[in-house]
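2 protein chains.
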Amino acid sequence: MRTYQDIKEQIIAYRHHFHRYPELGNEEIETTAFIEQVLKEHAIRILPNQLKTGVLASVGKGEKVIVLRCDIDAIAIDEDPNMELVSLVPGVSHACGHDMHMAALLAAAILLKEREEELTVRILFLFQPSEENNEGAQEVIDSGVLKQADVLIGWHNEPDLPLGVLGLTNDVFMAAVDQLTVEINGEGGHAGYPHITKDPTITAAYVMIEAQSIISRKLNPIEAAVLSFTTVHGGSSWNSIPTQVRLEGTIRTFSESARELLKREIRQLVMRVAANYDCESEVEIFSGPAAVKNDSEMVELLMPALEKKMRVIEPDKVFAGDDFGFYQEVLPTLYAFVGTGCGTDWHSPNFLVNDEALETAVNYYLTCVETLQEYWQSN
Amino acid sequence: MRTYQDIKEQIIAYRHHFHRYPELGNEEIETTAFIEQVLKEHAIRILPNQLKTGVLASVGKGEKVIVLRCDIDAIAIDEDPNMELVSLVPGVSHACGHDMHMAALLAAAILLKEREEELTVRILFLFQPSEENNEGAQEVIDSGVLKQADVLIGWHNEPDLPLGVLGLTNDVFMAAVDQLTVEINGEGGHAGYPHITKDPTITAAYVMIEAQSIISRKLNPIEAAVLSFTTVHGGSSWNSIPTQVRLEGTIRTFSESARELLKREIRQLVMRVAANYDCESEVEIFSGPAAVKNDSEMVELLMPALEKKMRVIEPDKVFAGDDFGFYQEVLPTLYAFVGTGCGTDWHSPNFLVNDEALETAVNYYLTCVETLQEYWQSN
Chain A
1 MRTYQDIKEQ
11 IIAYRHHFHR
21 YPELGNEEIE
31 TTAFIEQVLK
41 EHAIRILPNQ
51 LKTGVLASVG
61 KGEKVIVLRC
71 DIDAIAIDED
81 PNMELVSLVP
91 GVSHACGHDM
101 HMAALLAAAI
111 LLKEREEELT
121 VRILFLFQPS
131 EENNEGAQEV
141 IDSGVLKQAD
151 VLIGWHNEPD
161 LPLGVLGLTN
171 DVFMAAVDQL
181 TVEINGEGGH
191 AGYPHITKDP
201 TITAAYVMIE
211 AQSIISRKLN
221 PIEAAVLSFT
231 TVHGGSSWNS
241 IPTQVRLEGT
251 IRTFSESARE
261 LLKREIRQLV
271 MRVAANYDCE
281 SEVEIFSGPA
291 AVKNDSEMVE
301 LLMPALEKKM
311 RVIEPDKVFA
321 GDDFGFYQEV
331 LPTLYAFVGT
341 GCGTDWHSPN
351 FLVNDEALET
361 AVNYYLTCVE
371 TLQEYWQSN
Chain B
1 MRTYQDIKEQ
11 IIAYRHHFHR
21 YPELGNEEIE
31 TTAFIEQVLK
41 EHAIRILPNQ
51 LKTGVLASVG
61 KGEKVIVLRC
71 DIDAIAIDED
81 PNMELVSLVP
91 GVSHACGHDM
101 HMAALLAAAI
111 LLKEREEELT
121 VRILFLFQPS
131 EENNEGAQEV
141 IDSGVLKQAD
151 VLIGWHNEPD
161 LPLGVLGLTN
171 DVFMAAVDQL
181 TVEINGEGGH
191 AGYPHITKDP
201 TITAAYVMIE
211 AQSIISRKLN
221 PIEAAVLSFT
231 TVHGGSSWNS
241 IPTQVRLEGT
251 IRTFSESARE
261 LLKREIRQLV
271 MRVAANYDCE
281 SEVEIFSGPA
291 AVKNDSEMVE
301 LLMPALEKKM
311 RVIEPDKVFA
321 GDDFGFYQEV
331 LPTLYAFVGT
341 GCGTDWHSPN
351 FLVNDEALET
361 AVNYYLTCVE
371 TLQEYWQSN
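Going line by line, the protein sequences match chains A and B.
Just so we're aligned, residue 1 is where the first sequence starts under the working numbering, counting upward by one.
Just so we're aligned, residue 1 is where the second sequence starts under the working numbering, counting upward by one.
One thing to keep in mind: the hints can contain errors.
Copies of one chain are not kept apart here, so a pair can be met inside one copy or by any two copies together.
Stated by the list, open to error - Simulated crosslink set (DSSO-like; lysine-lysine; CA at most 27 Å straight-line):
(1) Lys-147 <-> Lys-317
(2) Lys-317 <-> Lys-198
(3) Lys-198 <-> Lys-218
(4) Lys-64 <-> Lys-40
(5) Lys-64 <-> Lys-113
(6) Lys-309 <-> Lys-40
(7) Lys-113 <-> Lys-40
(8) Lys-317 <-> Lys-8
(9) Lys-218 <-> Lys-64
No lab work stands behind these hints: they were computed from the structure.
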């Protein structure tokens, strides 16, 4: 039976292939085909699923079911062409490192397939689509494949942790991510006659500015949260006041109480500010994944085993999100960061991972499986 | 020799034709062809010109040259389809009434052609393109055709004046119209990490709001002026803070001192606010036409003659502009409003003129010609 070191070159080659051919969420056609091809080459059983893209595969038999999850989508960011390894798809790149996630899960699948005889549990390999759009996890849940599962294991690369270090905590990892849309509807008209319009540009400006005080004045200052406006669009002619200005943004919180507070306050604020300037308003908040937080029993069970195999530290929480947060609402989960030590920012054009960190990720998957299997056998 | 009453039905038919087939500025191909066709049918001499669209024609001979001007372009506004007379071109309409202006100038040309033997001056008929874009008047000036001209006569329909009334004043009619572009350049990034971005959305919001106090705190309150922001655009992704927000707007003033003050203050304010939020900024101000104001000697000369022929009142000044303002910088001009009594707003989808007001406009042209000719003969 081979170890990770024996297949390392092949796994790194997979990662580089994924990196060169990134695909956006729910469009991961070639990525899906490539994963299936690798699994078939290793005689790993591919399961039918209800997903448009993504792969579900399994090894082993048993009453207990462990899901090992990775995400497979890329994002709409033009990679810095001066990088050593560059996306060949203009405008799309694996600037969040999901190429690394896929390669690690393929490695885990290959190594566990070779140990299938020893397995007393069933392992599902979930190559989840469309994480960046906050769609994939919910689609997986809705497809029903998790109904038989006992635990789901996931992770994300973390450029701010040292190479090969595992970040694991009982506390929150990543923020709840909600998407905000604000429409300010006024009455447009001639730019020289502001008094007979209801000007949505000024109203939108006041909304953006007054909203700053929600974090600074309404939220308990010991809590951390973000409210960002990210797009603002209104008007098509330099000499006409527009009828509508549309804002998008995001609310990011670590606690449900902060999340509810911010949602309530922004709704009230927009209504109040719009009324001040005789405009109508509409606020839509699309609830994204909850803050990523581990199941306490899973941490208690798996942390000691992981600490024997690798260096484990308490990571800083981050205001990024992962739609992994949806899984923890339906089954026990464990989430970890795998340090790459690269220091670059997620979603930046020069984002990097480090192939040497793949081993930690594969080890994390295998250690979780081994520990859970032992635990269930002896309990 | 016919009077306006004799050709009235034909002139109204021309107006309705123009209304059905509106064309945008510098695209008035069919409009130009139609005007030339009518002029040819009446044996009126069409002069070569350097303009892409628009027509220059002449009748009479003499040392002195009077230019009678109208504008011929339509605007990008979808006319209310329930109107009695509707544009047949989707998205384009004569919502500023230039159809009426053209019909009146054709009437003046036809009637003056029939009186050509009596003329001791030369009349140029200027069907000017692209007024709405603030381009046409400058193109006419640049083409050199006004070098031999002694005076230029123009007018605009005014829905807020009673039908058939002429608005004429020695004071300012219409505002100087300057076009404003503001770029706020920050540093974009992940919406959950505002502290490592330089957020141009908040900066743009403060620019829009702080700019309100330029009018209220910097301008002498006895003066009237408008500073409107009309478009605001930034960002393309709900979860990324953008790098740039771009604002457009307009500055409208009646005096050169107010115009200079507002230009200076907005430049300073944008630079100051951008610096507050660590952003870069760029302000561009495209100087449009000056405030429309008559030549005092022309008013003194022509007002008494016009008052004998029609009801003349002092009009309210308006914060719309007319690129007629460019002409007054190169030769003596007279500008008037012709009341249509329609009460609808310029540039609104249900804008109206009244065909009965055409007679006042034609009378205005003819009275100016007659009075100037008499004046020059006796001086």
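(request) Identify every previously stated hint that the structure contradicts and give their numbers, smallest first. (result) 1, 6, 8 and 9
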